[in-house]
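K.L.:
Chain residues, written in single-letter form:
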Amino acid sequence: MPPPGPTRLHLALTVNGEPAEAAVDPAKTLLEVLREDLQLTGTKHGCELGECGACAVQLDGEPVLSCLVLAVECAGRNVLTVEGLARDGRLDPLQEAFADLGAAQCGYCTPGILVTARALLDREPQPTREQIREALAGNLCRCTGYLQILEAVEAAALARSK
Amino acid sequence: MSATGHRGDVIGKARRRVDGRAKVTGQTRFADDLLPPRTLHCKLLRSTVPHGRIRRIDVARARALDGVHLVLTGDDFPIAYGILPVSQDEHPLCRDLVRFVGDPVAAVIARDETTATAALDLIDVEYEVLHTFADPEDSLRTTEPRIHDYGDGGNVHKAVSLQFGDVDEALAGAAHVFDDVFFFAGNTHLPLEQHATVAMRDPDGKLVVHSSTQTPHYLHRALAKALELPAPHIRVIAAPNGGGFGGKSDPFNHEIVVARAALLLDRPVKICLTREEVFLCHRGRHPVLMRFRTGVDADGRIQGMHLQTLLDGGAYGSYGVASTFYTGALQTVTYRIPRYRFQGCRVFTNKPPCGPKRGHGTPQSRFGQEVQLDKIAERLAVDPADLRLRMIAPAQSLTANYLRVGTIGLGECIQRVVARSGWREKHGRLPHGRGVGLACSSYLTGAGLPIYWNDMPHSAVQLKLDRSGGVTAFCGATEIGQGSDDVLVACVAEVLGIDPHDVRAVTGDTDLTPVDLGSYSSRVTLMMGNAAIQAAERARDVLAAAVARRLDVPAERLVFAGRRVFDSAEPDRGVSFAEAVQMAEAAGGAVGTVGSYTPAKSAAKFKGGGVGPSPTYSYTAAVVEVDVDPGTGWIVVPRVWIAHDIGRALNPVLARGQIEGSVYMGLGEALMEEQAFRRLPARLSPALVHKFPSMLEYKSPTALDMPEVVTDLVEVPDPEGPFGAKEVGQGPLLPIMPAVANAVFDAVGVRVDEVPITPEKILKALQAKAQGKAPRVGPDAFPDVAWPETLHVAPPWEGGDGRASNEPARRTAATTGGGSAVRS
Numbered sequence: 188m189p190p191p192g193p194t195r196l197h198l199a200l201t202v203n204g205e206p207a208e209a210a211v212d213p214a215k216t217l218l219e220v221l222r223e224d225l226q227l228t229g230t231k232h233g234c235e236l237g238e239c240g241a242c243a244v245q246l247d248g249e250p251v252l253s254c255l256v257l258a259v260e261c262a263g264r265n266v267l268t269v270e271g272l273a274r275d276g277r278l279d280p281l282q283e284a285f286a287d288l289g290a291a292q293c294g295y296c297t298p299g300i301l302v303t304a305r306a307l308l309d310r311e312p313q314p315t316r317e318q319i320r321e322a323l324a325g326n327l328c329r330c331t332g333y334l335q336i337l338e339a340v341e342a343a344a345l346a347r348s349k
Numbered sequence: 007m008s009a010t011g012h013r014g015d016v017i018g019k020a021r022r023r024v025d026g027r028a029k030v031t032g033q034t035r036f037a038d039d040l041l042p043p044r045t046l047h048c049k050l051l052r053s054t055v056p057h058g059r060i061r062r063i064d065v066a067r068a069r070a071l072d073g074v075h076l077v078l079t080g081d082d083f084p085i086a087y088g089i090l091p092v093s094q095d096e097h098p099l100c101r102d103l104v105r106f107v108g109d110p111v112a113a114v115i116a117r118d119e120t121t122a123t124a125a126l127d128l129i130d131v132e133y134e135v136l137h138t139f140a141d142p143e144d145s146l147r148t149t150e151p152r153i154h155d156y157g158d159g160g161n162v163h164k165a166v167s168l169q170f171g172d173v174d175e176a177l178a179g180a181a182h183v184f185d186d187v188f189f190f191a192g193n194t195h196l197p198l199e200q201h202a203t204v205a206m207r208d209p210d211g212k213l214v215v216h217s218s219t220q221t222p223h224y225l226h227r228a229l230a231k232a233l234e235l236p237a238p239h240i241r242v243i244a245a246p247n248g249g250g251f252g253g254k255s256d257p258f259n260h261e262i263v264v265a266r267a268a269l270l271l272d273r274p275v276k277i278c279l280t281r282e283e284v285f286l287c288h289r290g291r292h293p294v295l296m297r298f299r300t301g302v303d304a305d306g307r308i309q310g311m312h313l314q315t316l317l318d319g320g321a322y323g324s325y326g327v328a329s330t331f332y333t334g335a336l337q338t339v340t341y342r343i344p345r346y347r348f349q350g351c352r353v354f355t356n357k358p359p360c361g362p363k364r365g366h367g368t369p370q371s372r373f374g375q376e377v378q379l380d381k382i383a384e385r386l387a388v389d390p391a392d393l394r395l396r397m398i399a400p401a402q403s404l405t406a407n408y409l410r411v412g413t414i415g416l417g418e419c420i421q422r423v424v425a426r427s428g429w430r431e432k433h434g435r436l437p438h439g440r441g442v443g444l445a446c447s448s449y450l451t452g453a454g455l456p457i458y459w460n461d462m463p464h465s466a467v468q469l470k471l472d473r474s475g476g477v478t479a480f481c482g483a484t485e486i487g488q489g490s491d492d493v494l495v496a497c498v499a500e501v502l503g504i505d506p507h508d509v510r511a512v513t514g515d516t517d518l519t520p521v522d523l524g525s526y527s528s529r530v531t532l533m534m535g536n537a538a539i540q541a542a543e544r545a546r547d548v549l550a551a552a553v554a555r556r557l558d559v560p561a562e563r564l565v566f567a568g569r570r571v572f573d574s575a576e577p578d579r580g581v582s583f584a585e586a587v588q589m590a591e592a593a594g595g596a597v598g599t600v601g602s603y604t605p606a607k608s609a610a611k612f613k614g615g616g617v618g619p620s621p622t623y624s625y626t627a628a629v630v631e632v633d634v635d636p637g638t639g640w641i642v643v644p645r646v647w648i649a650h651d652i653g654r655a656l657n658p659v660l661a662r663g664q665i666e667g668s669v670y671m672g673l674g675e676a677l678m679e680e681q682a683f684r685r686l687p688a689r690l691s692p693a694l695v696h697k698f699p700s701m702l703e704y705k706s707p708t709a710l711d712m713p714e715v716v717t718d719l720v721e722v723p724d725p726e727g728p729f730g731a732k733e734v735g736q737g738p739l740l741p742i743m744p745a746v747a748n749a750v751f752d753a754v755g756v757r758v759d760e761v762p763i764t765p766e767k768i769l770k771a772l773q774a775k776a777q778g779k780a781p782r783v784g785p786d787a788f789p790d791v792a793w794p795e796t797l798h799v800a801p802p803w804e805g806g807d808g809r810a811s812n813e814p815a816r817r818t819a820a821t822t823g824g825g826s827a828v829r830s
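First to last, the sequence lines map onto chains A and B. Sequential numbering of the first sequence, starting at 188, is according to our numbering. Sequential numbering of the second sequence, starting at 7, is according to our numbering.
If we strip away everything but chain B, and leave its shape as in the complex, we get (with noise of 0.2 Å):
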């Protein structure tokens, strides 16, 4: 859907964004700036141990401590909640197990946080120690103790294989076969600020539960469920995110804390976690071992591919069967890969649970396999932006595995970062110690299906037109710093023709806004913008009858332009807008509508074919310059080239703004951030704890560290975009990571086959080369998984539906969605 016969007096252009001057002037109202009346404060008392059984827990030195008002452990919370349907394995606080340092088991309520965290320290828990499961492979081996009594076996929470045509055939047939292990490292979203909560009783006794979340439909329901509540008596209001990136998306353990304290305490409750608290909430980047075994021919296009991945879950499921889903989703949707092996698995372990981070599990898989293109590239001595150009997927296909390319600028974005960055004169030719390294990607415009199984819409729009002219919007959409709200704003004043200001966007709210499923996956500019787009010209219709009927002009020949309803043929003729709100309203009553979309069903049947079905996907391009000293493996980025297939640029500004923002992410992830660990030796302590949880020792690029970035539009509108926009806020993150290893190569000649690329890992390739061996630093081996059986699903070029040759028969699409893997 797209709006067409628009004049583009909002759209494309660049805008100051609708809620700039509330954010330049402080005005704007974070979950953590909130004070009601009578806020009592809450504190979390969290797990010294990784993995126990509460054996004991005594809270009554707190509860007694003057100015405590309430004191919760697990027995206050029996019911289990979770963001999948498959995994509600979360309880707000332990009742049994305890399965990470910083679980929580226990929560203070008290008249200040100072008293709040007095009272902790006087809360007794004794814990039976259990078996620490630091690394994912221990996970695969040890299958007693579980840290979970759910999942695929033993501590594996989900495996899955999957398989579109003769992969093994492919791989003989093929003229090279590539063999490659790579890791990428976990890390965290690490958003400004932290996690908020407050939670009250309304005047009429309801719960209202101001969060920092970006899901506020999700948070209502898992509220509404693990409080055993009415969901209409629970109002969730998403306050503005100080930054979300994935970090805000699940439901939270503090926030279903605070609102049972609320509700106990008829008093406003609110909880703001430390930084070291976020850290320990998590939901970052999966920890991601992966094996790339490719078959090209001589001209190195991809005949067959078999990826298998490990993914280092952490403690609880959160989205995990979809990020396994993901490592393996979209590698066909860049290149075209006649035949396909996706093996993935997720296994539990002692830490902080993973999540979706930005890119959420495809930019773990996209560094291996832009990285294995340019050994490929290098190996048949093939220019690796011509080894790309020549697979690129077809627009207008269906891939191996049932995913729809509509359009693809890829091929343009290639062209563009080559021309721009001077790659032809710079790649392999540069002096030692520089080098440039190119790579690509592709991701979701919105995810396909929603997170539980609904045939409902995935965003909706309600418009209210005022006799005064002016419009209020209201939609369930989050606004994370993004800028949803401009987008809806915009897409509502361009169809009617008025000035953005003109609208009021009313985002995030239970209450008062029609759902949308959240800011996540990309999705919100594609369908709340199509939504919107759908209410506005509604809306543009009943106010087209309305002026007609008044100046005797057929409807049709309206424009709506300048605030103005005039005839096209005689541009004189015509009516303000709010007169033409006026004429509506006298004729037909107060004027209204809604707006909604709901993605097209996918093409895939097989089970695990929900994960990866986009109405449209984005593709990226980017060239990285590095500086390597060749000393020291020291690196610099002193440039980056990116060029980004947005579709149509609905805010440039803004759509600059996400393309920057997502290049200094990626790089922060290609060269310092991670998610790391420290043990003692287990014959010690059974400790396991996050070895910097601090702002300061968890290095992210500063100012003075990001690079000049020359940014590329590619704008070929797509018919499925909103003004035929696609996303823009994710897409452009994956490439930097891979594009910065090349670069490396280029270089210096070494392979860091690994994120984060480090001056010490650089060195220690270096040092391997000069010794005369393999010039590499990287995982070695893949381990044994007992993957499931595989589902084989023959592709469309052999003759297949989308459909498991080997699946019971399943209910039809109509019914399971394409067969959502969050359900299964």
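Just chain A, same shape as in the assembly (with noise of 0.2 Å):
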């Protein structure tokens, strides 16, 4: 039986904007400081292996699976979830898009999608059909069929060059 002591680590990074500090175990996943210790949990899991994409967020504006990331990893570090899409109190196109277009059916992929979504546009601001199959192959959809995603994604790119 080990004796008891410190077993967390002080954790500081920044969380869609805002400052976050947790004392986290040092095993723990982006994911599980996400969503347990600082109850951000809009970030969804579908595997915990890497394999579904339901845990992507931003970290340091390019997509990650946060299921695979140690969450020490982070410090200092920004990242970006479901959360912290919206600005100044209204959605960001992608989240209107996908609302108005069907693209959320149960919606647990959603977070995922929508934050890789915006990484595309953000790099990319009219992806082509092609190039947004591509930026979302790794995210699993077991509702949709993927095609209203598609249309939504198209819609907020359209939108946002407005």
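Bear in mind the hints are in silico, worked out from the structure with no lab data behind them. These numbers were taken from a predicted model, which means no experiment stands behind them. Treat the hints with caution; some may be incorrect.
[Stated by the list, open to error] Residues from chain B that face chain A, not an exhaustive set, calculated with beta carbons under 7 Å:
#  : residue
1  : Gly-32
2  : Thr-34
3  : Leu-196
4  : Arg-207
5  : Asp-208
6  : Gly-248
7  : Gly-249
8  : Gly-487
9  : Gly-663
10 : Lys-705
11 : Ala-709
12 : Met-712
13 : Val-716
14 : Leu-719
[Unchecked claim] To spell it out: a stretch of chain A is covered by chain B in this simulated footprint if at least three of its residues, at any positions, have a beta carbon under 8 Å from a beta carbon of chain B; those stretches are:
#  : segment
15 : 309-316
16 : 332-338
[As the list claims (entries may be wrong)] Here are the computed distance ranges between Cβ atoms for each label pair:
#  : chain 1 : residue 1 : chain 2 : residue 2 : range
17 : A       : Ser-348   : B       : His-507   : 23 to 31 Å
18 : A       : Gln-313   : B       : Ala-561   : 55 to 63 Å
19 : A       : Arg-316   : B       : Asp-81    : 56 to 64 Å
20 : B       : Thr-638   : A       : Ser-348   : 39 to 47 Å
Beta carbons: idealized from backbone N, C-alpha and C, even for Gly.
Since each chain comes alone in its own frame, lean on the hints to assemble the complex.
P.N.:
Now the structure itself:
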């Protein structure tokens, strides 16, 4: 029986533009810290093995699978989750389009797809459908058949350009 | 029932679903998003042998581990449960036998998942290994040991034999008889959300269970039984499901385990299954071997059909008795089949239990039927579309097996996909390697009978009208992503002439909401929708009476629209909806109404006739185009055209999503998905394990694989449906698999008579063809089955009354509901 003692590390990072701190088990993934320590349960998990894409978040602007990132690797870095997509009280055009066009059915894969699509549009404001398919190829969705998702990303790209 | 005289301000309009915002902001609270203070975590120890007797189980070391609060075993759960009254064959933790690798034998509840997992390693279990049943033919042959001590003898769970008219005579008189054997591999739902449950005592000490379940009402009943608690002291709250597809329709062992643990510890106890455990929960598509003997006239019209199915049920009953009947129930609903014999058999094997997956029992035999029709068309040199068009089941008729066909838009569906796909120019005319295939289907709009016998409504809705003008709609229906909350709100808003956003849906909570049987069998839109319309029309009547008195106009002249109640003869004369509620409240007290829905009695009075009846059937036709590389067998689907007889699309955005999602899931089943198992030679090991319980290796289509889909909604309102609506969640999946197989034949001239249709199988068939052998891959024979005595039921056109001539007298339909198979 190990004697009781400090087993947690202090972690400071930026989440959705705001400073966040937590005392975390060093074995925890970013996914676990977001959901369990920071109560940001918008980020989902479907496998915890990097296979489904449900846990995607942006780390310094790049989409990553938060189930494969150790939380302690994120010290001092910027994390964007679904909770941070809306700005100034307004939903992101992607969120509006996903809600309007049927791109979210059960909604479980939606947060991961939204942050992945946002990274795509930030990099490539007018992507082709093939580029969208490619960008979302690692995000599984079992409900929609993807087509309404692809259309929603296209609609959001158009809305952002106006 | 359907609301008449409505304006269509809400119904039929493409709208954002009511829960759309929650889903895109991450605010939808799924079961695993709940973490009440003081929550403990549960992990299950699962059997490592496929079939064995538990000789000894020692949990002492696990109990002693720091952080472990409770260890439970089968001794803590003496009561059996199961979804069907006839298959109460599960225990939350195994008590004696383990029946598949993954069957839970013990549970640890600890301060965190890591501690609970560590404690699992400290539990010692000793098994006496028993014979492994890996394939259904072994289960037919080998009667001892038995996996279960009930069923139809040996390891046969259920065997049925039904005949509607003299099929042998029909086949003898037919111009041609086609005899084909097909196999449909098992596959799984693969919802993105892993099953999760949180159980706790509420401040009153009663049990509350939040769970990712499609059937909170059935879970409520199972908990009351298995835990021996009064049902009123149990509250089940169905969290929004992160995908269900049938995989969250059974009451599950983990739900009962955490419920008992929460009661014993008086702390919240939570479990979230790993992805591997989700594969082991399964209840997915049954592997089905099937044989179709079909007699046709010179033009290809069916004269008689004899269908035999053999289902690999896995280790438990689940919905399996219903699944068995479903493999033979709906053949007659699409095409006129004057005489029909169905024999189905489900056996137990030592694999995760199969159950209901989207289409429940019907996709397998739909595959065989539609591929055989393609063979018939080819042999008789008839266009496959024309062959089908000339024998569509007549509208408003009874089938040979006493299913009541109402409206049928199948002909229109076929015409539309033929026209839009350019079928006439493509079929048989594309270059080698490219092809098109056509197939059709139909599906229930809700099962006509409940899981357990009762004569109460299948769905009920309660409305509370607030003097602010807000309306709350309460219903036990469960939101699994399909949009049931949106349907509920839309039906109420349409009738009351208010905005959907003015209505709050409270659903899936056994304490707060009236019973709806659950999100399965494509029943929710029709049954809940009709209940909602009834409740809303009653509310409208209450409001109209009060407003009519106040405005001094006849109530029947009042119109409810645009959040107003006004005189149709003088539209400026009216009040706001909120004022109308206030007038009604002043006149008669608080305004609340109820509505409910019970399906009509079935015409089938024979044993087994309870599976298949539905208030109305949906119909679908699809054309699939394929590119096949003749050198490698590699197959790509570039385009799908699909037309669905939906009656009426309540929200076309959601309807299209259901159809495209069905096409997607159908393509997964057609091309790649398979619940496969790995076995070592028996002399080395009895092991029988899931081959790839991971999302990476269990292949499912990605955004890169999804073809272009051209979707057509055929809208001829059905009088049984709410505003004329039929189902759309399951039917459109069914034609995809056979259409792919038929397209492969059109492309390269080989038959793959089984799914999934992989490049390896296509290549094997191409090689056989090149060697001058039969250009086919598929099963060769259907095994001998000891069928029970066949029940003989004369079809309606041969003087039948829906009863079997050789069945002992049964209670009348009024007391048996037409003979629910699941009670037999």
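K.L.:
How about B:Met-712: closest beta carbon in chain A under 7 Å, or not?
P.N.:
holds, 5 Å
K.L.:
Let me know if the C-beta of B:Lys-705 comes in closer than 7 Å to any C-beta of chain A, holds or violated.
P.N.:
Violated - the Cβ of B:Lys-705 stays beyond 7 Å from chain A, reaching only about 11 Å at its closest.
K.L.:
Are there at least three residues in the segment 309-316 of chain A whose beta carbon sits under 8 Å from a beta carbon of chain B?
P.N.:
violated (count 0)
K.L.:
Quick check on the hint: B:Leu-196 CB to chain A CB, less than 7 Å?
P.N.:
Result: holds, 6 Å to nearest chain A Cβ.
K.L.:
Verify the interface restraint on B:Gly-487: the C-beta must sit less than 7 Å from at least one C-beta of chain A.
P.N.:
holds, 3 Å
K.L.:
Going by Cβ atoms only, is B:Gly-249 closer than 7 Å to chain A?
P.N.:
Result: holds, 5 Å to nearest chain A Cβ.
K.L.:
Given a hint of 56 to 64 Å, does the C-beta separation of A:Arg-316 and B:Asp-81 actually sit inside it?
P.N.:
holds, 58 Å
K.L.:
Tell me if B:Ala-709 is really an interface residue toward chain A, meaning its C-beta lies closer than 7 Å to one of theirs.
P.N.:
holds, 4 Å
K.L.:
If you check the beta carbons of A:Gln-313 and B:Ala-561, does the distance land in 55 to 63 Å?
P.N.:
holds, 56 Å
K.L.:
The hint names B:Asp-208 as touching chain A; please verify it with the least Cβ-Cβ distance against 7 Å.
P.N.:
At 22 Å from the nearest chain A Cβ, B:Asp-208 fails the 7 Å test, so the hint is violated.
K.L.:
Quick check on the hint: B:Leu-719 CB to chain A CB, less than 7 Å?
P.N.:
violated, 14 Å
K.L.:
For the hint 39 to 47 Å, verify it against the beta carbon of B:Thr-638 and that of A:Ser-348.
P.N.:
Given about 42 Å between the Cβ atoms, the range holds.
Checked against the numbered hints listed earlier, the structure breaks hints 4, 5, 10, 13, 14, 15; every other hint is satisfied.
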